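Student: Below are the chains, spelled out letter by letter.
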Amino acid sequence: MVMPIDIAHVSHRLDLAGAPLPVLNDVSLKVAPGEFVALLGPSGCGKSTLLRLVAGLEKPSWGRILADGAEIAGPDPHRVVVFQDPTLFPWRTVAQNIALGPEARGEKAGQREAVAKVVKLVGLSGFEDALPHQLSGGMAQRVALARALINKPRLLILDEPFSKLDSLTRLSMQGELLSLWREAGFTTLLVTHDVEEALVLATKIVVLSARPAQILTVIDNPRAFPRDRSDPELVSLRQRILALLGVTATENSAA
Amino acid sequence: MDGAGFVSRIEGQADSRPPRSPALAAAAVAWAAFAALVRFWPDLDDSAAYGDLLALAGLLIALPPAAAFLFNWRWPALRRLGPWLTALPIGLGLWEVVTAKTLWLPRPFFAPPQALLEVYIDDWPKLLDSLVHSLQLLACGYGLGALSGFIVGVSIGWSRAVGYWVHPVLRLIGPLPATAWLPLMFFAMPSSWSAAVCLIALASGFPVAILTWSGVSSVDRSYYDIARTLGANQRFLVLKVAIPAALPHVFVGLFMGLGASFTVLIVAEMMGVKAGLGWYLQWAQGWASYSNMYAALLVMALVFSSLISLLFRLRGRFLAWQKGLVQW
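Keeping their order, the protein sequence lines are chains R and W.
All residue numbers for the first sequence refer to our numbering, where the first residue is 1 and numbers rise by one.
All residue numbers for the second sequence refer to our numbering, where the first residue is 1 and numbers rise by one.
No lab work stands behind these hints, which were simulated from the structure alone.
Wrong hints could be hidden among the right ones.
Unchecked claim - Computed cross-link-like contacts, DSS-like style, restricted to lysine-lysine with a CA-CA straight-line distance of at most 27 Å:
1. R:LYS30 x R:LYS59
2. R:LYS164 x R:LYS108
3. R:LYS108 x W:LYS101
4. R:LYS152 x R:LYS108
5. W:LYS240 x R:LYS117
6. W:LYS240 x R:LYS59
7. W:LYS240 x R:LYS152
8. R:LYS120 x W:LYS101
Claimed, not checked - Simulated restraints, written as ranges between beta carbons of each label pair:
9. W:PRO190 x R:SER61: 53 to 61 Å
10. W:PHE318 x R:SER61: 37 to 45 Å
11. R:ARG227 x W:ASN233: 22 to 30 Å
12. W:ALA139 x R:LEU168: 53 to 61 Å
13. R:GLY44 x W:ASN233: 27 to 35 Å
14. R:GLY110 x W:VAL132: 48 to 56 Å
15. W:GLN234 x R:LYS164: 53 to 61 Å
16. W:ALA301 x R:GLY44: 36 to 44 Å
17. W:SER305 x R:SER61: 41 to 49 Å
18. W:ILE308 x R:LEU66: 56 to 64 Å
Everything numeric in this text was worked out from a predicted model, so none of it was measured.
Ideal Cβ placement from N, Cα and C applies to all residues, glycine included.
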């Protein structure tokens, strides 16, 4: 039911104005079913590219990515992405945006009930008929999350989904994501540059280098939920990760 | 504002009735004055038999604003029109003075308002017939042009192969003024009517195609990414993503195409089609009946403006999700 992911020796280059730009360098990573994996790395290191490959939006230049043991051939509604920007369709209401997946696949039966269920799940009841331009940033991102969840994904791919939200909204949405993941049990891949977010949410943290991204280290983070942000073990883990990313703790706390 | 005015405004709010509008009184007075001017200032020539009728019309128009003022009716639409209802009889009065009353603008090149009234009363069957012909021609030509322009635009924007072959052709043919095809079309097509349809379609199709194309190719790529990860096929991507996202551009094209189609319609009717408002203008000029020409021009202005309103209303329906739409 839940999806394992096997990234095997993947390298990738982008074609920027005719010049090849290497973004991923021999990345190998096994994600067990139901794991919550955070990909941490400096901005512009190629994390998002890795997600696009796992989503099937692009093919890796070298290496293979397996989902359920089979090579990824293209996008699949079992692997759903939530991007940094909610990218809602402005001409559709909240409910119509959420129903995009079932509609695209021609699944008419039970659509209304399914929409109502996820609307409730992400706390948007009463906003079904609102248009995207009427929503706040946090609400728009909730719609994007609901649009992903209605497809009952077995792998949820999150590309810095909370990075543009204000800090209070971000905290509450992190909590909601966590409880959704614990209830539904989908495998989760989260790209973030927020070390604390990774520590509080993920069961495994993958630290990537600057571009072209390589895996620097993989840290298991098996602590029980909910996690206390001031847990001394998490704090020391945070120092270690920041050091790996080339930021010393003093610099960071001064900032 | 003085104290009494302030109090009356408060009271007005209590029975939810705004204060009397002075503009409505001014409008009533202006229309009555216009009627008196037409009726009692004798014309320099005796040509206009409909002066009395015009005066009567002026008096009748004066009634609603007068009543609305005296009985302080609500009727917000009339209140909003107050200033225009005042300016209109003043303008008409000036027109009346410089034509019928003083002949500063000589006949037959300039016609007084009652001459237009005469045309509408005596010649309405022919005018109506011309209008119907024009509208039929316009509907066929514009409909054909808008539809084919839309389809061409979507295909160029969507398919690289279609773009490769059609885009250069469009670039070559598109900038040609549709009227330049006129001589060719009139002998190449079986009838002057079908030639006119083609010309109007050509003129309106080009802007629609270009703007639809630009709309489709400027769609945010991430909309496609989202739809693809959710399991959308090509058909869904075109019909449910590309086209709705491109609609704001499409409507700009439809608007530009509509303007172009008016031009070509009138020219085609003047040159070859033996019916329609353009033909009526040509005919009126041939007989030196300039008042018929003015009357037809006024009809044209009203009809074309209404057609644009219709298009804007349609756009308002389709693009209700957009903020800050321009009102026509």
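Student: Each of the hints needs a verdict: does it hold here or not?
Tutor: Tested hints:
1. R:LYS30 x R:LYS59: 18 Å, holds
2. R:LYS164 x R:LYS108: 34 Å, violated
3. R:LYS108 x W:LYS101: At roughly 74 Å apart (the allowed maximum being 27 Å), LYS101 (chain W) and LYS108 (chain R) break the hint.
4. R:LYS152 x R:LYS108: Since the Cα atoms of LYS152 (chain R) and LYS108 (chain R) sit roughly 15 Å apart, the hinted pair holds (cutoff 27 Å).
5. W:LYS240 x R:LYS117: Holds: LYS240 (chain W) and LYS117 (chain R) sit about 24 Å apart, inside 27 Å.
6. W:LYS240 x R:LYS59: 25 Å, holds
7. W:LYS240 x R:LYS152: 22 Å, holds
8. R:LYS120 x W:LYS101: It is violated: about 76 Å lies between the C-alpha atoms, which goes past 27 Å.
9. W:PRO190 x R:SER61: 53 to 61 Å: 60 Å, holds
10. W:PHE318 x R:SER61: 37 to 45 Å: 43 Å, holds
11. R:ARG227 x W:ASN233: 22 to 30 Å: 42 Å, violated
12. W:ALA139 x R:LEU168: 53 to 61 Å: For LEU168 (chain R) against ALA139 (chain W), whose Cβ atoms are near 57 Å apart, the range 53 to 61 Å holds.
13. R:GLY44 x W:ASN233: 27 to 35 Å: 33 Å, holds
14. R:GLY110 x W:VAL132: 48 to 56 Å: Because 52 Å falls inside the window, the suggested range holds.
15. W:GLN234 x R:LYS164: 53 to 61 Å: 31 Å, violated
16. W:ALA301 x R:GLY44: 36 to 44 Å: 59 Å, violated
17. W:SER305 x R:SER61: 41 to 49 Å: 59 Å, violated
18. W:ILE308 x R:LEU66: 56 to 64 Å: Since the Cβ atoms of ILE308 (chain W) and LEU66 (chain R) sit about 59 Å apart, the hinted range of 56 to 64 Å holds.
Going down the numbered hints, you'll see the structure goes against 2, 3, 8, 11, 15, 16 and 17, while the others check out.
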